[in-house]
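**Q** Below, each chain spelled out in residue letters.
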Amino acid sequence: MSLHIVSKSPFSSTALSDCLDAFAEGDALLLIEDGVYALSGRMSERPAVQPVYCLAADAAARGLQIPDSVTAVDDAGWVALCAEHNPVVSWFK
Amino acid sequence: MTKRILALCRQAPYGNALAREGLEAVLAAAAMDQVADLLFCGDGVFQLLPEQSPAGIGQKSLQRNLQALPLFGVEQAYVCTKSLAQRGLDLEALSQGQLPLVPVDDSAALIATYDSVLSF
Amino acid sequence: MKFSLAVYSAPHSSQAAASALRFARALLREGHQLYRVFFYCDGVHNGSSLSAPPQDETDLLAGWQALQQQHQLDLVVCIAAAQRRGVLSDSEASRLEKPAANLAAGFELAGLGQLADAVAQSDRLVTFGG
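Protein sequence lines correspond, in order, to chains D, B and P. With full-length UniProt numbering, letter number 57 in the first sequence gets 57, and the count goes up by one each step, no holes. With full-length UniProt numbering, letter number 60 in the second sequence gets 60, and the count goes up by one each step, no holes. With full-length UniProt numbering, letter number 32 in the third sequence gets 32, and the count goes up by one each step, no holes.
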């Protein structure tokens with residue numbers, strides 16, 4: 001199953017919405033860099049897909065709280081997600 | 001074992017270099033017998049518009065790269081139908097020479113069949 | 001597991017290049033193998049020896065070079081993308097009759113075939129762009 005990595009804010013890029021259109025049951029979503037700004041929208045109450053992960057350092061850097069519905073991961077967790085899923089699909093523009 | 005590789009093309013041509021450099025990577029891989037399939041989605045579908053004339057902005061046409069794909073063993077390109085609909089485009093109006101365009105409704109299922117995805 | 005990374009972004013202009021270095025460090029720490037890092041598009045600027053960030057900022061070039069030395073990494077800069085953007089080795093600079101070379105130690109210039117080879121040889125390819 002695929003791991004989708006989104007690194008742009010949903011308020012300035014279609015990266016997240018394009019990704020969600022290509023998201024299959026069993027896939028996982030990881031928010032990194034400006035992708036973590038999805039946490040300040042609707043995603044924080046009711047994520048569009050499951051499971052959603054978020055790089056803790058990228059959220060902390062931006063002063064964002066990670067809601068209970070989203071799993072925070074450190075850099076080792078990031079590597080583990082990439083090892084557990086295939087293919088890894090990056091959505092960065 | 002040959003890997004199944006997908007090139008995910010999401011960028012419009014000319015405004016930034018990623019569309020061109022993505023196609024160059026696909027052509028280089030195919031020349032090494034690593035033939036990738038292509039999926040055009042998002043603004044990437046604009047790469048498929050006919051009659052692009054970028055001479056006036058000092059650029060080479062990207063269509064030459066697209067039309068070279070069949071010569072390198074790329075037999076078809078997938079196109080996301082939702083992206084077309086969002087942009088008011090009709091697959092019939094798009095054409096890239098000898099490269100057949102195949103509409104895809106469920107890009108998630110398509111992506112899941114590949115070993116590796118190159119995003120451009 | 002064998003990883004390769006594709007880096008499309010210049011250092012110090014978006015976070016992506018720094019993320020790639022962070023991910024490379026983490027996967028090596030976790031005991032995985034890094035087969036190749038392929039620098040493409042604006043990512044070729046990561047291989048410029050002339051970047052000189054202020055002392056209180058992260059020096060990404062020094063970071064890549066230290067990791068390369070420690071793990072004998074294959075840091076490959078796409079030659080076609082690099083020529084367009086002015087990242088040249090000594091031999092390319094003299095061949096193209098340019099006044100200077102700036103490819104950093106630890107990096108090498110090679111063709112796009114090295115990206116295809118990385119995909120073929122690795123269990124995972126992770127792209128850093130934007």
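Honestly, the hints are just simulated from the structure, not real lab data. Among these hints, one or two may not hold up.
Quick list of in silico lysine-lysine cross-link-like pairs, DSSO-like style, CA-CA up to 27 Å [as the list claims (entries may be wrong)]:
id : chain 1 : residue 1 : chain 2 : residue 2
1  : B       : Lys60     : P       : Lys2
2  : P       : Lys2      : B       : Lys3
3  : B       : Lys82     : D       : Lys93
4  : D       : Lys93     : B       : Lys3
5  : D       : Lys93     : B       : Lys60
**Q** Confirm or reject each hint.
**A** Hints, one by one, checked against the model:
1. For the hint linking B/Lys60 to P/Lys2, the alpha-carbon distance of about 37 Å lies beyond 27 Å, and the restraint is violated.
2. Proximity of P/Lys2 to B/Lys3 is assessed by CA-CA distance (about 15 Å); at most 27 Å being required, the pair is judged to hold.
3. Distance hint between B/Lys82 and D/Lys93 is fulfilled; the C-alpha atoms sit about 18 Å from each other, no more than 27 Å.
4. Between D/Lys93 and B/Lys3 the CA atoms are separated by roughly 26 Å; this keeps the pair inside 27 Å, and the hint holds.
5. Of the pairs offered as hints, the one joining D/Lys93 and B/Lys60 holds, with about 23 Å between alpha carbons and a cut-off of 27 Å not exceeded.
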